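A.B. asks: Sequence:
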Amino acid sequence: MKEDLRFFYAESPSAPFFVELTGISYCDGSYYQEREESDVTVVEYIVRGRGTVMCNGEKVNPAEGDVYILHQGSRHAYFSDADDPWIKIFCNLKGNLAEDLLRAYGLQDTVLVRGFWNEQIFRDFYALSCLKEPQEKVFRRCALKFHEIVSALYTLQSEADRLPDEAQKLRDYLDDRVFGRVSIDELAASIYRSPDYTIKLFRRAYGQTPYAYLLRQKMRAAENLLRTTQLPCWEIARKLQFEDPHYFSNLFKRQHGISPRQYRSVVRPQGRRSLLEESSSRLPPMQEGG
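Counting in the working numbering, the sequence shown runs from 533 upward without gaps.
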């Protein structure tokens, strides 16, 4: 596991906003954190991967694009999925301001915000924390950026509260068919809506079209198969319903900057073997346009 971290040590008990720690975590299957009665507010954005968060009896599974919030005083534990580990950007905050802001925006009981899809705002926070300036000035900059983050979370949460359950049903439908094909007509029929309405609803909820989301999920599945199996690239392409292995390879390279074979050589130790868990889904990639 690798982490890029920015620590701050000289805590002032009277400071309303104090960044204890912020950084980027590249987790593995061993990643686990637990606090009995947290003295920090933890806010984390999932760049990639999956994992589990348990907070005051609530259990959620943050995935790519999601944000989770662990409040001061909470009892919580969180850990990364072994097969699809998190990459995440996080901040651990002290002082009253963080919780006061969350409370003012109605997020005092919120643990998970789905589909935030704003990695850049968290990268901006981390970049501000790394500025070579006096600590007090860095904290003022970070406090303003944190306010911006909370405001954006509130806006999304407010919109999500107004969205029908249909949006989550669409996402679940696609997640269940990563190894299959889904047409936009079939997806729309799953919620008894028109294709045009379905695309607009999904984009409003998750910031991208259903087709773009499914393609992203297929690429994540390809990463997992390249990392955990010895399947040849053409077979991975077939399992993900890409008829042309060269198209699959070119698409993977456009998104990752390296070919599937190069990716495998980077993430897998030489000679390592594992068993493939066969997917139970065998349904027919979505036709482009959704």
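Hints listed in this document are in silico derivations from the structure and should not be mistaken for laboratory results. A quick note: this is a predicted structure, and the numbers were derived from the prediction, not measured. Each hint should be verified, as a subset may be incorrect.
[Unchecked claim] Derived lysine-lysine pairs resembling PhoX-like cross-links, with alpha carbons at most 25 Å apart: (1) 664 - 677; (2) 534 - 785; (3) 534 - 664.
A.B. asks: Provide an ascending list of the numbers of those earlier hints which the structure does not satisfy.
C.D. replies: Those not satisfied: there are none.
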